[in-house]
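Q: Okay, here's what each chain looks like letter by letter:
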Amino acid sequence: MTFDWSVIWTHRQALLEGAALTVGLTVLTMLLAVPGGTMLALMRLSSNKLLQSASLGFVEFFRNLPLILVIYWVFYVMPMAVEFQLSPLVTALVALVLNISAYNAETFRAGINSIRKGQLEAALAMGMSRRQAMFKVVIPQAGRRILPVIASTWVSLFKDTSLVSVIAVSELAYSAMQIRAQTFRVLEMLTAMAVLYWLMGYPQAKLVDWIHRKYGVKE
Amino acid sequence: MNDIARAPVRKNADQPPVLVYEDVRKLYGDFVALNGVSLQVHKGEVMCLIGPSGSGKSTLLRCTNALETINGGRVLIDGVPLPVQESAVRKVRQRMGMVFQSFELFPHKSALDNVAMGPITVLGMREAEAKARAMALLEKVGLSAKAGSFPANLSGGQQQRVAIARALAMEPEVMLFDEPTSALDPETVGEVLSVMQKLAQEGMTMIVVTHEMGFARRVADWVVVFESGAIIEQGPPAQIFEQPTVERTRDFLGHLGWNG
Amino acid sequence: MEFDFSPIADNWRFFASGLGVTVALSLISAVTSILAGLVIALLRLYGPGWLRPVLVFYIDSMRAIPVLVVLVWMYFAFPLLVGFTFSPFWAAVIALTLHIAAYAAEVIRAGIESVRPGQTRAALALGMSRVQLLRKVLLPQATIRMLPAFGSILTIAIKDTAIATVIAVPELMHRAETVAGQSYRPVEVFTAVMVAYFVILFPVTRGIDRLYHRVAHLGRS
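Protein chains in written order, with the numbering used here: chain D, 1 to 219; chain E, 1001 to 1260; chain H, 2001 to 2221.
The hints are simulated quantities; they were obtained by calculation from the structure and are not laboratory data. Please note that a few of the clues may not be correct.
[Said to hold, decoys possible] Under the rule of at most 30 Å between Cα atoms (straight-line distance), these lysine-lysine pairs were calculated in the DSS-like manner:
id: 1; chain 1: D; residue 1: K117; chain 2: D; residue 2: K136
id: 2; chain 1: E; residue 1: K1146; chain 2: E; residue 2: K1198
id: 3; chain 1: E; residue 1: K1146; chain 2: E; residue 2: K1131
id: 4; chain 1: E; residue 1: K1140; chain 2: H; residue 2: K2136
id: 5; chain 1: H; residue 1: K2136; chain 2: E; residue 2: K1146
id: 6; chain 1: E; residue 1: K1131; chain 2: E; residue 2: K1109
id: 7; chain 1: E; residue 1: K1109; chain 2: H; residue 2: K2136
id: 8; chain 1: E; residue 1: K1109; chain 2: E; residue 2: K1091
id: 9; chain 1: E; residue 1: K1011; chain 2: E; residue 2: K1091
id: 10; chain 1: D; residue 1: K117; chain 2: D; residue 2: K206
id: 11; chain 1: E; residue 1: K1043; chain 2: E; residue 2: K1198
id: 12; chain 1: D; residue 1: K49; chain 2: D; residue 2: K136
id: 13; chain 1: E; residue 1: K1011; chain 2: E; residue 2: K1131
id: 14; chain 1: E; residue 1: K1091; chain 2: H; residue 2: K2136
id: 15; chain 1: E; residue 1: K1131; chain 2: H; residue 2: K2136
Small disclaimer: the values here were computed from a predicted structure and weren't measured.
Isolated chain D (complex conformation) (with noise of 0.2 Å):
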């Protein structure tokens, strides 16, 4: 059994896009799901009954299920809904951002719920009104609180990605299995994908450490 590893630098220009497409989803699912994430919390955090479920309903049910299925249905159901055909690479990022702010949501709502509710009682006494409160009181501490747990979604996101290679966008698990089928170098290849996933993942999770160290509160 003889391996050759040349494959690999033969086809670093493929590798390396599809890298890059990681990242970039990456980057972009997480740019729309912070958003996203804060309107759904702010929805479960309303006096607004009818919000509130809507909130929650959606939170569970994508909290819920595998992402690959996800991926799969929005995939078939998107160009029913949507008059014209839209690419893999929009699919894949509608079914990223709608999952990831699910699990956005969660963790901004246990974030500002786990500021002491004297905390804000506190700044109303003073005279704040609950908007200013909020803002200049609750938000700054729960954003101690929640920037841990958005780095650690971060690098969970980023391994996700790996997912919409089933719907064929082009990024490094894609490409990767895309050239082993073509060279048939099966160890290379897929060794390959491993190590560059390792080489962009393991500095992630370190700085997610650090962030951990850096914020995480002490019970």
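Position chains E and H relative to chain D; hints supplied.
A: Frame of chain D; chains E and H shown alone:
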């Protein structure tokens, strides 16, 4: 200088001391927690360690049963220095009982099981025998009705009394109390102190780190005053509380509102 | 726009067997991950010093590599290295265990370290050995405190089994793809399977929550 005419007589002074601390030093990094402490504890004595927070009292207690290791000097139990090897240390710990400020009952066990745990796990006693001993001890501290209760359902004072029973279940020669009432509501402090007083009357050798000056005054045989990792004065309660010979002792007691 | 859910009804036995594989794969992987995670956590806390960086490297690497990559590598690439092949199911078990055990190890380590240090002091003061301390005081409390995290491990395992479809493990997701492809009714099929997964996953998370609330006081020292 000491203007009490006769030298204070220690309990059981004719017998060799149970515990001897020789020039004990303990460091935490650069911080000197114990700066050459020398002290003797006699059999049946109730010794109270008092002093400001951070003065080394609790540290000395934890060095006694090797929960902390000392950096200098010796701790002798019945004339034998504290061993270094883990299994020998465990044997020494079985001869001492310790009661903690935060009670530290095992939350996943009932009161009875907490008290029986030492004999069963460490002494290898049969379960029935251990539980009988545990029940008798719970009776002694007034909590036989709560034998099946879990710590989450007991008040602070009740938890601490169970903790005392748990330590007594090992039939120790010495009982070490590390601020046993500091975490309790004022109402429940009394119930714990009366259990401790009863123990003292039965002749148990006790070392008590405490801020309860009333207890020290009434129950202690010997009081040791700590400051900044050293002993500044020691003597019978009458001396320490009424005629302290050292200025800083007077200051400390004065700050606590103790006026003799 | 009409919907036709008949492919699901017609193939219910096919789906049911897929569901069985999903359940089996999830349970087996969750159990092996927790056991492996326990060993790793204990080795990391109490094992020889040289082993620690190796274990940390493994744990951090699994945080960086997607489970899809591990699955695919284990099924397609690993046999080329060692000379024998696994069935898709067992390749999936190994890959999922490898991936999830890293997470489990961290959960367990955090659980043990979260027990108050006073508990250790109290147990040692009674004369317990380190082994007795671990078995009778730390692990029981840690296990109770970690119940929600164990629940999330099971949830992760169930969701990850759906990814095993890419190596043709005949679990529920794979069945869904097959039937969707044959019947040209992907929306109905995938919607039905969504409901199925939700019905499995939702009670698991809720059940663990309820159980935890009932026993939480036993872990709080």
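Q: Taking the hints in turn, state whether each one holds.
A: So, going through the hints one by one against the coordinates:
At roughly 14 Å between alpha-carbon atoms, K117 of chain D and K136 of chain D fall within 30 Å of each other, so this suggested pair holds. For the given pair, K1146 of chain E sits about 20 Å from K1198 of chain E by alpha-carbon distance, which is consistent with the 30 Å threshold. Using a Cα cut-off of 30 Å, the hinted pair K1146 of chain E and K1131 of chain E holds, with the two alpha carbons roughly 14 Å apart. This hinted pair checks out: K1140 of chain E and K2136 of chain H have alpha carbons roughly 26 Å apart, not beyond 30 Å.
Simply put, K2136 of chain H and K1146 of chain E have alpha-carbon atoms about 22 Å apart, close enough for the 30 Å limit, and the pair holds. Taken as a hint, the K1131 of chain E and K1109 of chain E pair is honoured in the structure, with Cα atoms around 13 Å apart against an allowance of 30 Å. Our distance criterion of 30 Å between C-alpha atoms is met by K1109 of chain E and K2136 of chain H, whose separation comes to about 10 Å. With a C-alpha separation of about 24 Å, the suggested pairing of K1109 of chain E with K1091 of chain E holds against the 30 Å cut-off.
Between K1011 of chain E and K1091 of chain E, the direct Cα distance comes to roughly 27 Å. Compliance with the 30 Å bound is thereby established for this hinted pair. Between K117 of chain D and K206 of chain D the CA atoms are separated by roughly 33 Å; this puts the pair beyond 30 Å, and the hint is violated. Distance restraint check for K1043 of chain E and K1198 of chain E: the Cα-Cα separation of roughly 16 Å lies within the 30 Å cut-off, and the hinted pair is therefore satisfied. Distance check on the hinted pair: K49 of chain D and K136 of chain D sit about 26 Å apart at the alpha-carbon level, within 30 Å; holds.
Between the alpha carbons of K1011 of chain E and K1131 of chain E the distance comes to roughly 34 Å, so the proposed pair goes past 30 Å and is violated. Using a Cα cut-off of 30 Å, the hinted pair K1091 of chain E and K2136 of chain H holds, with the two alpha carbons roughly 19 Å apart. Restraint check: the Cα-Cα separation between K1131 of chain E and K2136 of chain H comes to about 17 Å, which is no more than 30 Å; the hinted pair holds.
Against the hints set out earlier in the document, violations occur for numbers 10 and 13.
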